[in-house]
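A.B. asks: Take a look at the letters that make up each chain.
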Amino acid sequence: MASAALDLPGRPLADERENLAEEVRTVGMVWERELIRFFRTRSRILSSFIQPILFLFVLGYGMSTLVGSTAGFDFKKFLFPGIVAMTVISTAISSAISIVWDREFGFLREMLVAPVSRTALVTGKTLGGASIATVQGTIMLALAPLIGVHLTAAVVADVIGLELLMAVALTAFGVFVASRIKRMEGFSVVMQLLLFPMLFLSGALFPLNGLPAWLAVITRINPLAYAVDPLRRVVFAAQHMPPAAAARFSTGVSLFGYTLPTAAEVGIVCAFAVVFITLSVAGFGKPE
Amino acid sequence: MISAQTTPRERPGRLSDAAAIDAVGLAKRYGDVAAVRQVSFMVQHGEVFAFLGPNGAGKTTTVKMLCTLARPSGGRAAVAGFDVARQPKAVRRRIGLVFQEQTLDDRLTAEQNLRFHAVLYHVPRGEVEQRIQRVLRLVALEDRRHDLVSTFSGGMARRLEIARGMLHTPQVLFLDEPTVGLDPQTRAMVWEDVLRMRREEQVTIFLTTHYMDEAEYANRIAIIDHGTIVAMGAPDELKREVGADTVELVTADNAHAAGRLDRAGFRVQQDSGHLVIFAEDGEAQVPGLIEAAGVRVRSVHVHRPTLDDVFLHYTGRQIRDEHADRGVPMRVRARTARR
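Protein sequences appear in the order of chains A and B.
The end of the first sequence is residue 288 by my numbering, with every number in the run present.
The end of the second sequence is residue 339 by my numbering, with every number in the run present.
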């Protein structure tokens, strides 16, 4: 073979460092793929609404007759922000399931062998899942008038910001689980074992104050509690709530008798996100 | 031909950056198991180089080391002039990879799969469209550009993967069992695409296969068995090494013909109903043989040693004894189980 005669297509020599512009481009592409895939599966879009809507109306109306209303404020209104959070959380975590699919169908390999950092891949994936979850949660806000919850543009903007934060944290958590779990069945089992208890104990469905001590402890170590509460605070701030209603359907998570400010709760969720993004990057491992 | 046990000490010092691939004493152990034991070889730019061997011989492990997906436990290798252990990213940017298993996203279109790859391999924005058009044309899939990969046949998906592997203009294209599980017709098409890529894009091709007929497409072959290269050379060289051609003649009078051929200096053996003549370059000898036989010749059959004979010679086994294409039904099952 006359190799000397061949003109090799030469690209400029690049070193081993990451090129920031290329990393950002990768994050964008991975994000875009998540969205393309999501919008291509209409069944997934629909099914992710069914559960929260069931919770909102069945549980909401069912419990409202039992709980009754205080100064015109009923359980449905209390439940509403919780259900929005729940939609975001479950969509975010289950969006990470695409990584398990990618592993099973080989596409994960196409990503992992590319000359890009794991950080860019994990970030793109996390932002993709988080965007979808945020959109889903925001669509749920359309049900507010049916429940009698009053929303303003400012409240919606705050809610979207909080949704995005909790979506990033929870997608990162899902990505971490997916990075460690090699099979589809495993992911479903872990999600059933973790997601449902975490959701039920997050304050999405009942107030976290005035609980028996053992249950209070469990809810305080559940990171979801700190994601759900700020969202409810923001929504409640825009409602007409007489003091009696505010006392009955209380907000705020108290630790050692001290009620955390919203900023602290947001900080906890941020820390949660950073920890799991870091763990996910490490979770995809090094070459053999 | 380079003899079987190429010692790693043969070429001390620097790895060659003029060669497409230079491996010296490359070895990989998984725990107590030596998957690859000190293989050394060099692949020149523009060559088609095949690793031929049974499953578990160490082919895929060698590819993984060259592609920086597995760290060598011993020895060194340079691909496209970069050390696989020290400059993995530089290596990855310059290689294309087509794995044994499919690695496309079948919920994306062909174009979306290619665009994704273009970004991850840093193809400059301005060149992406032009490269996509070119590689799709090279594998004749332009008209399927906007179709979902889930609608593709196995052969089309494989060709799209080859196109994708070439999208970022790599210097070396690695193909790990590129045609496993495809029917013979599709395999031929895939091969046309691979060879067209080499011609049009001047890419070096490193492939692994256990199909003897595919190894014939290679300029050079390394036969690997139990993690060691047992023979290396051009297919014809290897075949010549194993033995001469044989020519079978059926004549009107075999005994008479045998005597005459023997006197004419040919090595003749009389079998039941036909004569076997051992000859270098058997086809060129046929006219002379017929003349020397001096009786009417009813049929002529020239047998050249095949790579099967070569493999048998070096390993004492037939390669096809050891295989069933197990990967295929599994993939089919997985595909149908999806969603």
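Keep in mind the hints are simulated off the structure, nothing from the lab.
Any given hint could turn out to be false.
Per label pair, the in silico range of CB-to-CB distance [to be verified]:
#1 B/Y30 / A/R183: 38 to 44 Å
#2 B/E111 / A/W214: 53 to 59 Å
#3 B/R196 / A/V156: 43 to 49 Å
#4 B/E111 / A/L20: 50 to 56 Å
Just a sample of chain B residues kept apart from chain A, beta carbon distances all over 10 Å, derived [stated by the list, open to error]:
#5 V119
#6 A140
#7 R144
#8 D183
#9 M189
#10 D225
#11 A279
Everything numeric in this text was worked out from a predicted model, so none of it was measured.
Glycine is no exception: its CB is placed at the ideal position from the N, C-alpha and C atoms.
A.B. asks: For this structure, which hints from the list above don't hold up?
C.D. replies: 1, 3, 4 and 5
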